[in-house]
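Residues per chain are reported as follows:
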Amino acid sequence: MSRKKKSKGLPPWLMGLLLLLVGAGVYYLLTTNASEASLRTVEVLNPDLYYENANSLRGNTYKMDVTIDSSLGNSPSKGRLFSVVLKNDDKSAVPVKVPVLIPLPLGNLTIQKGQHYLMKVKVVDNGMLQAEEAFKP
Amino acid sequence: MINNTQRFKFLLVGAGIAFSGLVCAQVPNAQTIHETGQQYKEGNPLTGAADNLAIGSQAMFEANLKTKKNIVDMKPNTFLSLWNNPGFAVQFEKFLSAPAETSEDANLYRQRIDKIMDLLSPGNATKANQDEAFNLLPLASEFESDANNCTTIHDAVYAAANGKVEIQRLTDVDQELNKSLETAQYNYVQSAKSLSLSSEVISKIEQANNDKNAAEVRAAVLDPSKNDVASLKATIQRNQQQIASTELQSKFALQSLILQLFVQRRYQHVIIIDRFYRALFDDGDQSLEGFQQMADKLGYNKAAGQVKLIANANPTGALAAGGGNNTGSGAGASAGTGSNGPSASVGNNNYDTTGGDATALSGSGLNLGIENLSMESMENAFTTGMRGASRTFKSLSQLDAFANEIIRDVNEGVKVYRFLLDKNELESASSQLAAVFTKGEYLPSVRLLSVDEKRKTLEYAQLCNRLVNAANSGNIDVLSDVVDAMKKMNPSFDDAEIQAKLQGVKTASTLLVAQAKVAAAKGDLQSVQTQITRAAALWPNNPEVTSFSSEMGKMSEEASPQVKALADFDQLYAQGNFRQIFDDKEKYIAAISQSPERQDKLRAVLSRMQEIETSIMRAQEIARRGDYAGAWEGLQTTFLHYPDDLKLTQLRAEYSTQSPDFVRNINTAKDDEEKKEFGSALAWYLKAQSVYPMSDLSKEGIARVVKELLPDAS
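For the record, the sequence lines run as chains E and L. Just so it is clear: in the first sequence, position 117 is 117 by this note's numbering, and no numbers are missing. Just so it is clear: in the second sequence, position 105 is 105 by this note's numbering, and no numbers are missing.
Chain L extracted, bound-state conformation:
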């Protein structure tokens, strides 16, 4: 039975045979190939550079799409997506490179935090222990790793305690006021009773006057008492309002801080302040409703997007990455790909998110994740985190339980990480460490991981990063190398699919080269250029592409001797090999007659070589007479102008061995002259002249040196 892969291979082989057949069938038409090669070499007149760029970009895009999709589908993508978040990557890399916090200070800090938590634990939270824990807070805050959170807790608890004192004072005042009110009310009643009314029968006019007088008397008697009662009632009511306000304010401040620390992932601090809260406010299962109202009023910058802290109150143990629209109700975390891009979200009741890369990591008990980390989005993240937390947690008891659960979960995660690392399962270990870091960066178990324990994950993370960069670059060879390296480092890395995709891209590139060859045989330059550009874009280092270009270049040279001659001339001229140009001057004269920009160069070369050749011929003639000194002297003059001509140099060397004394005399004279030893130089020139009286070099040298010795000589 033939599966899909085998069928594809058969098709591939068949296509290859078909292309080869087409190429072979077209080979006899060598002239067409030559012409195509010629055009290819000189540049495509049909396809502009911009078109080629577009073709290349399209091909690269296709290649990228394939490889990138493959990488996105890879198992370690969860880890990769975290790593590719710049904000997270920086923090995570810093964590991976940081030494374990085993210093004396760090140990002391942990001891103090543990002591505070122990003093405030439910069984130990006596008034004395609470006071001791309260006094330990500023001491714990002395350490850098605390980031002054303990001082903040200390101040908040102090403010809340002051609020409670104020409440007590107002309550005491109210009790006094209530007593005064009772007295005032009694006095008021007694005053009313003391008023006597006339019983005599009088006329109607008198009756009216009496009633008026009686009313004035009643008012005069009762009003003071009545005013006292009203005033006391108002004061008591105002105090009661102030009591309620102060208590609400104190609670609200502490609740805000608790949730803020939770969002900051300072879970030990959450537990500490939560226990102080319980000690200060004995109001049962403390509701966070007031805080939720405040969180809804926090500012949010829609343009900046948001960093999301993803928390799940309904743990499922899942791990998810992706994006899309999420709308729903009830607590939960989700991730997926939708019409508006990737997204991950968390919330309680109604929530709605759209867009952005996202990742949600699950731990036992809850899920946490981050996305889109930036300075602006951090503010939004805080707002979102506070809102999310306020909706997720209905009471402080829930929050306290969660903090404890996270601490336990992180501690367990660290153990799991060590176990996976020991088993060399880097992929799972790295994901585990990323999850642990995300959830409990500041917890002792995480801070105590040594550099050696984290180092492998750092290397693996860097390799993952290289994998993504290689995929983005579209360079198949680099990508293959990185995949091989990942496989080597992490044997459990499943590279089968990506290797298959890479092979597919390579095959496609080779097929495109074959198509280019077919097009070349047909003389279809447009197709040649298109196919070869696409092939190179898919696989830049494809040896088929290189050999094709080389073959086309050769064909071009064979097709046009003139083009080859021009290319040779340029190359030889650049190398300074003028003799080779001179030796083949007929070829270059013919070729350059159609290339005005090279004619001046050729003319200069020929003039130079003419001079050299004349000098050589003259020297050879002199040498034939046995006058080697004269022959050498003739060449020496030309050599000083053209020291790079090989033939001239060789002949000069040959003649110098034939007249060594004269050559030595001249050279020594020249050296002394350059050293301004003019007396010696003159002696050597005279000596040279003695050896070869006809020497022009000696004669000229003597004249020069005498001029130096006797500047005013006649």
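Isolated chain E, as found in the complex:
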């Protein structure tokens, strides 16, 4: 009498699930760069807090999702100064502008009005925001 053939490997439904998970992982890796991943744990800048007392935030590091508004100045020794508009989902609200200093080490960035940037900034002396990292999302 013949014996019933014993099944081999994973069941098809499990294989399909694994393939799905691998596909999602590959997609995430393809759509998310390494820099963005580094800002994942950084606090988002609260503009109200910053305006009320920038000094109290001195030394802190924040991330900002901004649009370049205009160039305020360009110093060969300190870098470039821009006014940027914080991204706000409420389109009817008054745009919130803050100044950001792009220091010389980030001088290779090409920054123009209207560009969208993700920035990691630090509150330095005089309540100034100084970019430590900036990249286009």
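It is worth saying that the hints were derived from the structure and are not from the lab. Be aware that one or more of the hints could be misleading.
The calculated lysine-lysine pairs, modelled on DSBU-like cross-linking and capped at a C-alpha distance of 30 Å, are [said to hold, decoys possible]: (1) E:LYS63 - L:LYS670; (2) L:LYS707 - E:LYS113; (3) L:LYS488 - L:LYS522; (4) L:LYS707 - E:LYS63.
Sample of chain L residues with no beta-carbon within 10 Å of chain E, all distances over it, derived [stated by the list, open to error]: (5) SER180; (6) ALA230; (7) SER549; (8) ALA565.
Residues of chain E placed beyond 10 Å of chain L at every Cβ, according to the derived structure [stated by the list, open to error]: (9) ASN60; (10) LYS63; (11) ASP65; (12) SER77; (13) GLN115; (14) PRO137.
The model shown is predicted, which means the values in this text are computed figures rather than measured ones. By construction, the Cβ of each residue, glycine as well, lies at the ideal position given by its N, Cα and C atoms.
Since the structure of chain E is already known, use the hints to place chain L on it.
Same frame as chain E, but now just chain L:
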């Protein structure tokens, strides 16, 4: 029956009615009054400042004369005249403020003085007691209040005693010399008898030779004895002269000291040294004639005047003050007013004094007083006092009696003072205390008066002083206040006459104002100024004078709008109220066209206000479009230049409530910029720009802050 006062009141009322009638009659002539008021306001062209001063001075002099004469006639003037003598006032005030001498030292001093006096008193003055008293003198002199007078007495008595010893020695020597003289005279006689003469008859030539020889022999025998006699006589005579001289000198020294202490009012010391004198020189009622001769030779500085110690050997119990010439004979004190000014004097036999304020106070037994106290005059006072004393007192007995009498009198005066003080009769009490102090400043009863007992007199004296000063100042109101205060403190103070005089001066001042009003109605500016100046001088705080000046000022303003406009402009300009000037600019432009010195000021004011007004109009126009942030910003720029304009400030405040976010952003940015928080300031300026993108303030602020952050920015 109508008395003089009532008649005067009727006349006064009548005069008032007459003046009022004249004023009322002239009122319709308002233009004249206005013109006069105008001239009055602008200054009198007819009467110079010097003339006004002279008129005022004359009026004040008249007022002073009235009040001062009244005060001079007042009952407490005796006390006042003493108080007004600077030298006396200082001493008296010091005495009134000094505590009673009740310390242990002071008590011990008094005990020693009493002991000395007791030891030397007539019944006790034995040799032993005199020696004990003499030994106590240096001990008594240890105390400050003695001023070393006891030491002086001790030294003088010691010197006099030494003189007596010398006299005794010379007397003893003379007795020995007299014995020697008798012996010499006897020897001389015996030698003369022993000479034998030849009895033989000889020729004339021989006779002559014999006589010659006999004379030589006689001389040889008698001359030694004769010389001895002459020498002894000369020595005795010289000793007798020295005895007389020494005694006179000793007596004279003591007498001088006695009189000096008397002049110093150290009466207990006078009695002490007088008793020592009696013990040393037993020459009966000791004459002071020698001392009088010395006193007449003392120096006197006529230019310095003199402080007079006034003593009266013929007590009358009178009190006098005044001045004048006094010439007379016999003992006495006098005071009065004469052709050469006030004077008081004292003396015995012939005396003559002229000029100077004076006061004589009487006590029981004698009168004493002082006047014209100064450093130079003190020397003269000493001389005069010594002369006066030497003439007043002929013997030490008199002096001793007087010293005792003064001590008794002062002690009684202190009791009287306490009694009057208890009865609150300050006027009499103060005069009594002044008299007591003058006579016996150093006596125990005076020194033992407590501060509390003297305090009321000090306050009264100060009030009297204020009264005199107020009278001298010519300020009627101050004088009235002081008189009221005196009346309150001393209910017995008779102020009726002085109040009547004060009222008279006030009435005269008011009448002069009425005359000024009449003159104003007539347009007589000269009289207005004269009368009102006199009225103000008589009574500076006369409400009529004040209201008259105010009325004239108002009339002046009404009479000339131009003058008023100029005055207003000056006032508004000084207050910084430029908007008011701008609002009435037509009036001021017209008025200032005749006043070149104000034209630059007006031009600056108008320029400033033009700028403000332009800014306001522009802001209002912007606001009409709903752009309140723009309107506020426009005003803010002007406000920074002219922060004191009320209208600008109000409008700016109004617009700031219309655009609060923008105003807050700009203000916060400005604050951070001033604090050099340039990062925050830039953020706030950007925020303001977000609210009002057209903002020039934001734009300028951003540019400034960026320049600070990036000085080398391109």
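For each hint, the structure was consulted:
no. : hint                : verdict
1   : E:LYS63 - L:LYS670  : 28 Å, holds
2   : L:LYS707 - E:LYS113 : 21 Å, holds
3   : L:LYS488 - L:LYS522 : 46 Å, violated
4   : L:LYS707 - E:LYS63  : 27 Å, holds
5   : SER180              : 129 Å, holds
6   : ALA230              : 130 Å, holds
7   : SER549              : 64 Å, holds
8   : ALA565              : 54 Å, holds
9   : ASN60               : 13 Å, holds
10  : LYS63               : 17 Å, holds
11  : ASP65               : 17 Å, holds
12  : SER77               : 6 Å, violated
13  : GLN115              : 18 Å, holds
14  : PRO137              : 23 Å, holds
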